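Novice: So the chains spell out like this:
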Amino acid sequence: MRRFRALYVAGVAAAAGLAAAALASVVLLVIGASPWATFATMFGGPLRDLYGASEIAVRAVPLTLVALGVAISFRSGILNIGAEGQMQVGILASTAVALALPRLPGTVLLPLSLAAGAAAGAAWGGIAGWLRARLDVNEILSTVMLNYIAAQLYGFLLRGPMIDPDELMTGSGTPQSMRLPRGAWLDRLVPGTRLHTGLLLALALAFLVWLFLWRTTLGYRLRAAGEEPRAARYAGIRVERSLVVAMLLAGGFAGLAGSVEVAGVHHRAIEAISAGYGFGGIVVALFGALHPAGIVPAAAFFGLLLFGANMTQRSAGVPGNMVLVLEGVMILAIVSAGMYVSNPYAQERALRAVRRILRPRGDAPGAAPGPATGEGGP
Amino acid sequence: MIALRMLHDVLALGVPFSVALLLAALGENFNQRAGVFNLGCDGVMSVGAFLAFLAPYLLARTALAPFANALGFALAAAAGVLLGLLFALVTVTFRASQGIAGIGLQLLGWGIAGTMFRHFIGGVVGIPGVAAWPVPGLSRIPFLGDVLFAHDPVVYLALLAVPASAWLLYRTPWGLRVRAVGAHPRAADTMGTSVARVRYQALMLGGAMAGLGGAYLSLCQARMFADDLVAGRGFIAVALVYFGRWTPLGILGGALLFSLAQALQLIIQVAGIKFPYEFAVMLPYALVIAVLALARRSRMLGPAALGKPYDREARV
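First to last, the sequence lines map onto chains A and B.
Under the working numbering, the first residue of the first sequence is numbered 1, with each subsequent residue one higher.
Under the working numbering, the first residue of the second sequence is numbered 1, with each subsequent residue one higher.
Hints in this document: simulated from the structure, not taken from any laboratory.
Honestly, I wouldn't trust all of these hints.
[To be verified] SDA-like cross-link-like pairs, simulated, lysine to any residue; straight-line CA separation at most 20 angstroms:
id: 1; chain 1: B; residue 1: K308; chain 2: B; residue 2: R197
id: 2; chain 1: B; residue 1: K308; chain 2: A; residue 2: M339
id: 3; chain 1: B; residue 1: K308; chain 2: B; residue 2: G99
id: 4; chain 1: B; residue 1: K308; chain 2: A; residue 2: D136
id: 5; chain 1: B; residue 1: K308; chain 2: A; residue 2: V341
id: 6; chain 1: B; residue 1: K308; chain 2: A; residue 2: A346
id: 7; chain 1: B; residue 1: K308; chain 2: A; residue 2: E227
id: 8; chain 1: B; residue 1: K274; chain 2: A; residue 2: R230
id: 9; chain 1: B; residue 1: K308; chain 2: B; residue 2: R179
id: 10; chain 1: B; residue 1: K308; chain 2: A; residue 2: P344
id: 11; chain 1: B; residue 1: K274; chain 2: B; residue 2: M6
id: 12; chain 1: B; residue 1: K308; chain 2: B; residue 2: L89
id: 13; chain 1: B; residue 1: K308; chain 2: A; residue 2: R230
id: 14; chain 1: B; residue 1: K308; chain 2: B; residue 2: A187
id: 15; chain 1: B; residue 1: K308; chain 2: A; residue 2: F156
id: 16; chain 1: B; residue 1: K308; chain 2: B; residue 2: H119
id: 17; chain 1: B; residue 1: K308; chain 2: B; residue 2: L138
id: 18; chain 1: B; residue 1: K308; chain 2: A; residue 2: Y345
id: 19; chain 1: B; residue 1: K308; chain 2: B; residue 2: A183
id: 20; chain 1: B; residue 1: K308; chain 2: A; residue 2: T193
id: 21; chain 1: B; residue 1: K308; chain 2: B; residue 2: R186
id: 22; chain 1: B; residue 1: K308; chain 2: A; residue 2: T41
id: 23; chain 1: B; residue 1: K308; chain 2: A; residue 2: P161
id: 24; chain 1: B; residue 1: K308; chain 2: A; residue 2: G338
id: 25; chain 1: B; residue 1: K308; chain 2: A; residue 2: R75
id: 26; chain 1: B; residue 1: K308; chain 2: A; residue 2: P229
id: 27; chain 1: B; residue 1: K308; chain 2: B; residue 2: L148
id: 28; chain 1: B; residue 1: K308; chain 2: A; residue 2: G160
id: 29; chain 1: B; residue 1: K274; chain 2: A; residue 2: R159
id: 30; chain 1: B; residue 1: K274; chain 2: A; residue 2: F156
id: 31; chain 1: B; residue 1: K308; chain 2: B; residue 2: S97
id: 32; chain 1: B; residue 1: K274; chain 2: A; residue 2: G106
id: 33; chain 1: B; residue 1: K274; chain 2: B; residue 2: D9
id: 34; chain 1: B; residue 1: K274; chain 2: B; residue 2: L264
id: 35; chain 1: B; residue 1: K274; chain 2: A; residue 2: P161
id: 36; chain 1: B; residue 1: K308; chain 2: B; residue 2: L176
[What the hints assert, rightly or not] Listed next, with one range per pair, are the computed distances between beta-carbon atoms:
id: 37; chain 1: B; residue 1: L64; chain 2: A; residue 2: F4; range: 51 to 59 angstroms
id: 38; chain 1: B; residue 1: A164; chain 2: A; residue 2: A10; range: 46 to 54 angstroms
id: 39; chain 1: A; residue 1: G32; chain 2: B; residue 2: L85; range: 22 to 30 angstroms
id: 40; chain 1: A; residue 1: G32; chain 2: B; residue 2: A70; range: 24 to 32 angstroms
Keep in mind it's a predicted model, so treat the numbers as computed, not measured.
We put the CB at the ideal spot given by N, CA and C, even for glycine.
Construct the entire structure; sequences and hints are all you get.
Specialist: Next comes the structure, spelled out in C-alpha cells:
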C-alpha cells in the first residue's frame, strides 16, 4: 500500500500535467502555432547558456518572495490574491524612501528602502485581512479590488507626483520615477548578468518561513487557524487575529518582492514592473505545495517558463499572454489533482482498478484472503 | 433645472452601463444558488467579449455582415458554456477548492482572450456595433423615454432577463432543484436529484450569461476590444450577487448602483470639474469593498452549501 502511494501520487501528477498541456495546446493550435515547437522553445530555449540561466534566476527571485507570502496566507486560511497590488505599493514606498534620502550611506539606505516596501505591502495586505476578520468581507474579492486600486494609484503617482523631472523636461513623459541613488541598489551577483543579491535574500527568507511556520508558536497558531478554525478557536487561538497577521506577512513579502525588483533589476519604478509576478507567485505557491522547500524549485521552473515565453514571443510569434493561459490551466490542474491525492477512497478505487488489470481473470477479487494487504481500512 | 438635466444624463447613460454587470451577475447568481462560487466569471467575460468582437471584425463586408453581431453573441454564449463545463469538471467532479479554481479560470480566460487578440488583431480596431433601437411610442415619453427606451435592443433583453431569471429560479422545477442543491445537497440527493447534474447545468447557464455580458461590452458599449476591456467587471458581478442577497431584483439594484456611479463620474468629468482621472477609475473598485463590508449580514441569507463541494461518500 505504501509503495503504491508514491506511484499513485506520481500518476495523478502526470495526468494533471498532461491535461494542462493538452488544454494549453488547444489554445496554441487555435492561433496556428505548433504546441510541440512552442513548448520546446519555452522550456529548452532559456537553458542553452549562462545568460539564460541567470535570467531564470532573476525571475525566480520575486516569484519566490511572493509565493512565500502566498503560502503563509493560504496555510492560514485566507486566500491572498492581491500580491500584484501589494508589490506595486511596495515599489512606490521603497522608491520614495530611497529618493527622499539620497545622502544616507548604502548600508542604511538599502535596508531602510526594502523595509519601507515590505511595510507598505503589509499595510495594503493588512486592509484585506482586517476587512475579513472584522467585517467578514471575502478576501479574494477585496484583494482583487485592491489590485485594481493599487494599479491606478501606481499609474497616478508615476505619471504625476513621482515622475522623473527629466521626462517632463525632454517632453517624452514616460511614466517612471527618477533613478535610485547607488546606495539603494542591490549588488550584482554575477558580473555581466542582471542576477543580484536578492537571490540570497529570497533563499534565506525561504528557510526563515519554514522555521516560522513549523518551528514557532505563532506559526503553529496560524496553521491551526487555517486548518480548522473552529477547533483552533476552541483551543484558545484568536483566529481573527491570525488572519490579520497572515495577511500582514503575505502583503509584506509581496511588497518586499517589489522593492527587491526595483533595487536589484530596474533601479527605478517603471510601468508594468510587477509583470504578473503577483499572479505567477500564486501558481508557484500552489505548485510548490505551499512549502518553502517546494516553492524554491517551483519558482525556478516558473522563471524558466516566463523567460521561455519571452523567447517564444520573439521566435515563434506566440503572444506573451500565453503565460496567463499556462498559469490558469496549471492552477486548475493542481487544484483538481488535490482531491485525488488527499482522498483515500479515490486511492482505493485506483488501487482496485490496477489490481483488476494485473490479476488474471478467474481470480475473484476480494473473495479469498489474497496476499494483498491494506485493503481493509479506509 | 440643471440638476434635473444632470439626473437625466446620468440615468440615460447609466442604464446601458449596467447591462454587462447585470447579465454576468444574474448568471453568477445561478452558480451560487447551486452552491458553486465561480470567481472565473471575469475570465469568461473576457473570452466572450473577444469572440463577440471577432465575428463582426472578420465578417465585415461579407454577405454575412448583417448577422455578424448575432453570431458574435452566439459565439460568446457558446464559449461561456464550454468554460462553465470546464469549471464544473474541476469543482463538481474533481471537487477542487472553488476560490482558487476560480482564479485559475479567470487567468485562463483572460489569457485566451489576450493571446488570440494579439495574434489575430493586434491593435485597437473599432466595429460598428449594435445600433440603438428606440421603442416606438414608449421612447417619446418625456424623461423616462430616454432613460429606459432609447437604447440598443440588448438593454431591453437584459432588463427582461431579471424577471425571467426570477421566474426560472422560483417558479420552475429546475429552479427548485438549483436552490435545493445549493441549500442542502444531501437532502436533494436523497430525494433523487443529481447534485452534480444540476450544478453542471447551472454552471453552463452562468457561463453563457457571463459570456453574453462580455459580448455586450465589446459589441454595444465600447465597440472595440482591448486586453483590459473587462477590467474586473466579473469580480464586481460576483460581489453584486452578495450585495443583491442572491435575488435577481437585488442584483438589478446593485448593478444600477454601480453603473450610475460610473455614469455620474463620467458626467462630472465632462462637466469640467477636475480631479485625477485615476481616482475616478478607482471609485467602483473601492465601492465594491464598501458594499461587501455593508452587506456582511446578508451572508446568512445565502445558499447554505455555497462554496462546499458535495461528496456523496463523505461522512456526515
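Novice: Let me make sure I understand: some of the numbered hints might not hold for this structure. Which ones are they, in numerical order?
Specialist: 8, 15, 16, 17, 20, 22, 23, 27, 28 and 32
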